[in-house]
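> Protein chains in written order, with the working numbering: chain A, 4 to 224; chain B, 58 to 738; chain C, 697 to 1014.
These are calculated hints, taken from the structure and not from any lab test.
The reader is advised that the hints may include incorrect statements.
One side of the interface only, derived from the structure: several residues of chain C facing chain B at Cβ under 10 Å [what the hints assert, rightly or not]: (1) Phe750; (2) Ala780; (3) Leu913; (4) Met1004.
Some but not every residue of chain C turned toward chain B, in silico, with C-beta under 10 Å [as the list claims (entries may be wrong)]: (5) Arg734; (6) Ala736; (7) Leu739; (8) Met843.
Since the structure is predicted, the reported quantities are computational estimates derived from the model, not experimental observations.
Think of the CB as a built atom: it goes at the ideal place given N, C-alpha and C, for glycine as much as any other residue.
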Amino acid sequence: MSLSHYYGQFINLLAAILLLLSFAMLGQRRILSLINLFMAQGAVLCASTVVVALTTGQSHLYWSALITLVLKVFLLPWILHRLIRRLNVKWDVETLINIPTTMLIGIVLVIFSFNLALPISELAGTVTRSLLGIAMACVLLAFLMMITRSKAVPQVIGFLSMENGLFFAATSATYGMPMVVELGIALDVLVGTIILGVFFFQIREKFESLDIRHLEQLKED
Amino acid sequence: MPLPIPELFSIDWPLSLVVVWLLIGGAGLLAPRNLAFVGKTLYPLGALVGLALAVVAFEALGEAPQTRVLVLGLPDLPFHLRLDSLSALFLLLLGGTSAGISIYAAGYLRSGEGTAPGLQCLEYHLFLASMALVLLADDAYAFMVAWESMAFSSFFLVTSDHRKPEIRRAGYLYLLIAHVGAIGILLSFGVLQSGGALSASNGVADYTFAHMRATDHDAFWASAAFGLAVFGFGAKAGLLPLHVWLPEAHPAAPSPVSAMMSGVMLKTAIYGILRVSFDLLHHPLWWWGVLVLALGLITALFGAVFSAVQSDMKRLLAYSSIENIGLLFVGIGLALTFRSFDMNTLAALALTAVLYHGLNHAAFKSLLFLCTGSVLHATRERSLGKLGGLIHHMPWVAWLALLGVLASAGLPPLNGFVSEWLLLQAFLFTPGLPHGYINMLIPVAAAAVALTAAIAGYAMVKFFGIVFLGQPREEKLTLAHDAGILERVGMSWLGILCILLGLFPVFVIDKLDAVTRPLLGAGLGEAVRAQGWLLLAPINADRASYEPLVFLLMIVAVVALTFLIVRRFWHGRVRRGAPWDCGFPLQTARMQDTAEGFGQPLRQVFEPFYRLTRELPTSFDKLPRYRMVVEDHFWYWLYLPVAHVADFGSRMVAFLQQGRISIYLLFSFVTLVVLLFLVRG
Amino acid sequence: MEFASAILLQVLELVLALLVAPLLTGWVNQCRAWLQNRSAPSLWLPYRQLAKLFEKEVVLAHNASGLFRAAPYFIFACMVLASAIVPTLSTDLPFGPAADVIALVGIFALARIFIALAGMDVGTSFGTLGARREMLIGFLAEPALLMVFFTASLISHSTSLSTIVETFAHREFAIHPSLAFAGVAFTMVSLAENARVPIDNPTTHLELTMIHEAMILEYSGRHLALIEWAATLKMYVYSCLGLALFFPWGIPQGALLSNLLIALPSLAVKLGVGGFLLAVIETASAKMRIFRAPEFLGTAFMMAVLGMLVHLLLETGK
């Protein structure tokens, strides 16, 4: 049994944990736990990138793992923590529609994305070919999470988690994007978060709440 | 010259037994009001015939099919009859169950309840005989005649108490849906006969099953026949969305009739669907299986969820029957799916689970319906909210009901568990299916089956706990008396069947092998025989095994040992006292948790399933009233719109009714002219 | 010889389960007390309580039926049977073939139905309330547990516990991501099934929040002792099940008595760590409202289903 075989299994495990975390985020009410889950997702992503790098020997993947670590495990969660402290929504609890139902939809999405990814991953022929489905499922689940939330901060976390899914797809299916693209995306995410942070303060000043359902009032009747 | 007595497995035996049933029924008319004659002579005789039928059918299992042609009915359309293993198995089910129910009915009959006993005896035995004929029929004509007489006789039995309007309404609904279903079956046979070619090319128009079997159907027409059969037999079985008659008709009928309908009549529909899809059609398409599986799953979940919130004990059981029918269809769907991919051993596993569950359901559901009959007689109450504490006054009924409840909840070591076990085992093989989507979706379906079984447990605890345990919720319940001796015999017979079917699965599966082998070319007989009669291992012992007898012995041994040890080392002292009242002594038995209360958590979890109407009292009400009605969405989404359309259509037609003869004559004249014009070429 | 030692091991395993089960409960209570900065009760407290209860006479409600008196024995027998099936000391158990994982779920369901019916028997409000809540938890926990087992069965192509454990412990090592899902689901289910904190509080005596305690409120004396013992056995069986499914290393394959040298210490260590983790979970979480329970268990159910899916997606067809 070669070592690379275990790498393959290990990366499968990491992919499953990524999916597990996506589902956990889908069913989590508290904002604080949501940020912690996001952090864990970043860590898993970083680990999976390192494993792919070890398997394939592509050195630029180490760099993207480092960027992931810095950005998603330290910087973004720090910004988010700061944000919710400043906004004073640390203990906010979201009212969710029936978590099991949401998860059931999630399960359907997983099956759907796997069948969608099946023909593509057969073409891919890399060690990690069944991972594309999981990556796609993560993206769709994050999307679902954004749909079901009514508070602003969880929506941003959903957005960030969606980017995680995309990143995972990139590393697993094509061994990462060119460095320039990756750096660009990282910068985008960072800037996006900061802009959204500013945006939150504006929303709260306007409506005295972060509930984005208030945005409906902006509509002209 | 000695009379030539046919072999025990010959088709002549069931035929003559059917005739005896008809004779017994006819004898009821000799003295329609003589309760002693009808009750103490005719019904026990009918039970004996049932037992004989069971023995004969048992002997016929595994024998070569035999046919007979009876020159009855229309010229050139004789009745073709055939006894093969599939028919024999369902005849066995009919005979065995009806033996228990008939002997119970002998004790159950009272004077002054609707239809005269003698007439009821005729209807009842006609019902039994026509069910037997349905199972023996070998051509569409005989089948439909038997099927319709089954529907009619059961309709009259349901409306025995025809003075009550809600019972007439239930009977009408039942008859209506039975006939809508019958149309489906008739059309299905038509398609099967012609094989899609509208002009019967080979000139044979005999509508025999043998002809249908020999015809090669192309995919489209086979699918059409299959779909019509699912619709038609589904209506009889209570498959969603054609289930609405079931929770109405079962409570309306006298309890032995409910038991017969739920235990046996629903199985004739299962027989029909098996006959069409495995015997008359040869190559199922994979989506048939998935369709039936999905329908079955929805039905099962729906039935379970609804049975848990009922507050009428017979309705609760009726919904539970819907759930079990759903499970049977799930198994059929699974078997069809395996069959379509030529995985015949696995198809045999799923089909065995179906047949086994059919037998089990006949035993435990009939038992439970009979128990409700005794409760009904003793208390005159069907509403769960007015029962309670009957275990003290009706110990026989209570303990037998407990047996039925445990079997129905699918608990080891009783029979319900074995068939659910087999079904779940079949599910565990689905990842081997060579198809991308369904090998992923079907294991998920197993989750729904497990959920259904667990909810069924909830409903059964509710049924038993509310009816038999606790304190009597009404004064008069303390006067309740236990069932009579004949009723006890009938119920005990079914209870024993529950236990035997649960404890000796190897023996049963070995017999079921005779049914699956002609249909699928595979069976589990050899595999289970190889392990000996104690260990049930349908595929191999490493993969899965279950030893019900060891299981039971172990529990009994531990119970006995614990009891002895506790008595030996400590003591058996008991002091009677009042239960703890939580410091609030003014409690009455009416303050106990109600049936609505027990179902409330489930009602909350599955709220979108129900259509709820709730009337809550306010604090200013002089006479506070709480009313809770749980209804079925289908009634409003499907039936009422259809009824409105039908109503509208008939009102349109009513324009024709002008009341003047000359206008009617004009209609006839125009029709004649148009027809003449059309046929002129 | 082989068979005799197998029987011996089986008996040993049973006796061990009966004896150690209260100790495990005592250990969890002790850990909980430490973590919550309380002074810990003695490790032997559960034993003393059992002895005390067996001594006391039974006070039976006036209208208690035979079912009420028989139920404790049945519940106890179910749990004993369950502990005889779960492999702890050896995978080669003579009782193993009697019941596979589906039947094991059936045993738990049987015990649950008996305890719920017994709760309804006297007809007090609390008994029925407890029974209703227990069934509410049961109807979701049962299929979730079954799906956890199904995930393991799909991996090992068997529903027999012995074969499952053998596959995990003694075949070629492989990482099964699906077991991560199954593990999460199993943890959630076992918390609910053993009346632990997010769902029920084993030490509560506030009537409105209790589930298990409400059902057995009318029991006393030897009946209560048997039920309490059965509850500790249930926790032991669940712990051993979790260990057998997710950490099977150390359960020897053959029926050799010398294997006990490995099996016993590894079991002790694993149970100790497991009990401590349980105490940590209980301390770190707060009890839920009763109507959050279906959501919690529904999540567990979905997790278990996902585990099965992940197995089908990631681990097959290579």
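> Output the numbers, in ascending order, of every earlier hint that fails for this structure.
Violated hints (numbers, rising): 5, 6 and 7; every other hint is consistent with the structure.
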